[in-house]
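Numbering (my numbering), first residue to last: 846 to 978.
In case anyone wonders, no lab produced these hints; they're calculated from the structure.
A few of these clues could be false.
Think about it this way: if two alpha-carbon atoms lie no more than 20 Å apart in a straight line, the pair counts; the simulated PhoX-like pairs of lysine-lysine are [claimed, not checked]:
#, residue 1, residue 2
1, Lys866, Lys917
2, Lys866, Lys938
3, Lys863, Lys917
4, Lys938, Lys917
Simulated restraints, written as ranges between beta carbons of each label pair [to be verified]:
#, residue 1, residue 2, range
5, Arg973, Val857, 45 to 51 Å
6, Gly962, Leu883, 31 to 37 Å
7, Ile864, Glu937, 20 to 26 Å
8, Leu855, Gly972, 49 to 55 Å
9, Gly962, Leu909, 48 to 54 Å
10, Ser927, His961, 32 to 38 Å
11, Ala930, Pro902, 29 to 35 Å
12, Leu856, Glu929, 35 to 41 Å
13, Lys863, Arg891, 50 to 56 Å
14, Asp932, Asn849, 20 to 26 Å
This one's a predicted model, so the numbers in the text were calculated from it and none came from an experiment.
Yeah, the Cβ is synthetic: ideal placement off N, Cα and C, and Gly gets one too.
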Amino acid sequence: MAINIETERLLVSELQEKITKNHFIPLAEAARQAKLPLTTLAAAVRNGWVPAIQVQPQRWVVRLEAVRLYFKPQAEVGTHRSQEAIDHFLMEKGIIAKRNLPFEKPVVCQPVDFEHGPTGSELVIEGRRRLVL
846 MAINIETERL LVSELQEKIT KNHFIPLAEA ARQAKLPLTT LAAAVRNGWV PAIQVQPQRW
906 VVRLEAVRLY FKPQAEVGTH RSQEAIDHFL MEKGIIAKRN LPFEKPVVCQ PVDFEHGPTG
966 SELVIEGRRR LVL
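With the sequences and hints as input, model every part of the structure.
Written out as structure tokens, the structure reads:
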């Protein structure tokens, strides 16, 4: 399917408008405004801690609100900042969609008795068997 240059310009224009309208800014600008090292913010994006959109290879855009939430000083957040709390806030703001977790309740790890109990690999196999059933 051939796309002419005018169609391509229209697509690029629409995408640029959506990015601007939703307050997405380049990673370098977000790092500057949040007073963070660019490498720190880039690592957070690469690890999926801060939601971002890749617009070109090695080029990302983020919402400054998401960056500030993730890197909020610990004193403002309290003693515990869980990923669940961050995700909940980001979902409320419409920055990310609801995550579908594979488990409805957390998996509880049992202590391993290395002298008399099963080996670690046997416990892993048994745990996986129970998850499948």
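Right, here's what the structure says about each hint:
no.: 1; hint: Lys866 <-> Lys917; result: violated (24 Å)
no.: 2; hint: Lys866 <-> Lys938; result: holds (15 Å)
no.: 3; hint: Lys863 <-> Lys917; result: violated (27 Å)
no.: 4; hint: Lys938 <-> Lys917; result: holds (16 Å)
no.: 5; hint: Arg973 <-> Val857: 45 to 51 Å; result: holds (47 Å)
no.: 6; hint: Gly962 <-> Leu883: 31 to 37 Å; result: violated (48 Å)
no.: 7; hint: Ile864 <-> Glu937: 20 to 26 Å; result: holds (21 Å)
no.: 8; hint: Leu855 <-> Gly972: 49 to 55 Å; result: holds (53 Å)
no.: 9; hint: Gly962 <-> Leu909: 48 to 54 Å; result: holds (51 Å)
no.: 10; hint: Ser927 <-> His961: 32 to 38 Å; result: holds (36 Å)
no.: 11; hint: Ala930 <-> Pro902: 29 to 35 Å; result: holds (33 Å)
no.: 12; hint: Leu856 <-> Glu929: 35 to 41 Å; result: holds (37 Å)
no.: 13; hint: Lys863 <-> Arg891: 50 to 56 Å; result: violated (23 Å)
no.: 14; hint: Asp932 <-> Asn849: 20 to 26 Å; result: violated (42 Å)
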